[in-house]
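Under my numbering, the first residue of the sequence shown is numbered 326, with each subsequent residue one higher.
These aren't lab readings, by the way, just hints derived from the structure by calculation. Some hints here could point you the wrong way.
To be verified - Using C-beta positions, here's what the derived DEER-type ranges look like:
| no. | residue 1 | residue 2 | range |
| --- | --- | --- | --- |
| 1 | Tyr565 | Thr403 | 23 to 31 Å |
| 2 | Leu396 | Ala534 | 43 to 51 Å |
| 3 | Ala534 | Val337 | 43 to 51 Å |
| 4 | Ala341 | Arg456 | 18 to 26 Å |
| 5 | His572 | Ala341 | 24 to 32 Å |
| 6 | Ala510 | Pro538 | 40 to 48 Å |
| 7 | Ala570 | Leu344 | 40 to 48 Å |
| 8 | Val569 | Arg456 | 37 to 45 Å |
Since the model is a prediction, treat every value here as computed from it, not as a measurement. Idealized CB from N, CA, C, for every residue including glycine.
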Amino acid sequence: MSELEWIVLGGVAMTAIALVGSVTLVFDSRTLERLLLPLVGLAAGSLLGGALFHMLPEAVDRATDPLRPWLWAALGFTAFYALEQLLHGHHRHSAAFAGRQPVTYLILIADGLHNFLGGLAVASAFLTDIRLGVTTWLVAAAHEVPQELGDFGVLVHGGWSHKKALLVNALSGATFLVGGLIAYAASRSMAIDFVLPFAAGNFLYIAAADLVPETNRPHGPGAASAATMGAFLFGAGLLYLLAVAVHG
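Use the sequences and the hints to build the structure in full.
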């Protein structure tokens, strides 16, 4: 297979991973309701783990100015703070938001940007060496499974129907292929030094300002809280172990 074929195959497969939330459709509504909050916790842990253990360390490694990645991360955090304020301002006046929490739109925007960056990185690895590309794709895929599963839970918890949540998650995942094709067209490593920490700031905002507070609200018995905390720790811990496996 050619490099382009590997990139396209990897992009299509990564988009398919965005449909992992469909496994929850085999559960009845009562069971799914019990799973939703732990899935929000899983998303929060995965977002924090992705930002702290993967995106920011990579940005720092690439940086010539040690403070610049943190500046861009702060700007990414602030940009999503301002965006959420704007979404809240229009929430009550627009039919487009009917029944849906603004955080769900932030999740889709951040995940789309993250997948785009992942496509750039994986395609660059394929262009360097096919074996390196396959390894990089596997690491990215292992990262995406808990995150996409958690994102699906956030979307459903935030008011989206199951079918629409799957559809928009798949569209967000498709940006991975877009990033891969752009990297291939450029035939060189893409300059994403400022975008990577900016996206990390987006992830940190969503996890800290929206998802973690949602899991801290009183939703039910202590067992549910324990399951949510366990899911959070699992998401963050898995992303840490992946970072250790890649860099250790």
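Going through the hints against the structure:
{"no.": "1", "hint": "Tyr565 - Thr403: 23 to 31 Å", "result": "holds, 26 Å"}
{"no.": "2", "hint": "Leu396 - Ala534: 43 to 51 Å", "result": "violated, 19 Å"}
{"no.": "3", "hint": "Ala534 - Val337: 43 to 51 Å", "result": "violated, 33 Å"}
{"no.": "4", "hint": "Ala341 - Arg456: 18 to 26 Å", "result": "holds, 22 Å"}
{"no.": "5", "hint": "His572 - Ala341: 24 to 32 Å", "result": "holds, 27 Å"}
{"no.": "6", "hint": "Ala510 - Pro538: 40 to 48 Å", "result": "holds, 41 Å"}
{"no.": "7", "hint": "Ala570 - Leu344: 40 to 48 Å", "result": "violated, 25 Å"}
{"no.": "8", "hint": "Val569 - Arg456: 37 to 45 Å", "result": "violated, 21 Å"}
In summary, the structure is inconsistent with hints 2, 3, 7, 8 from the numbered list given earlier, while agreeing with the others.
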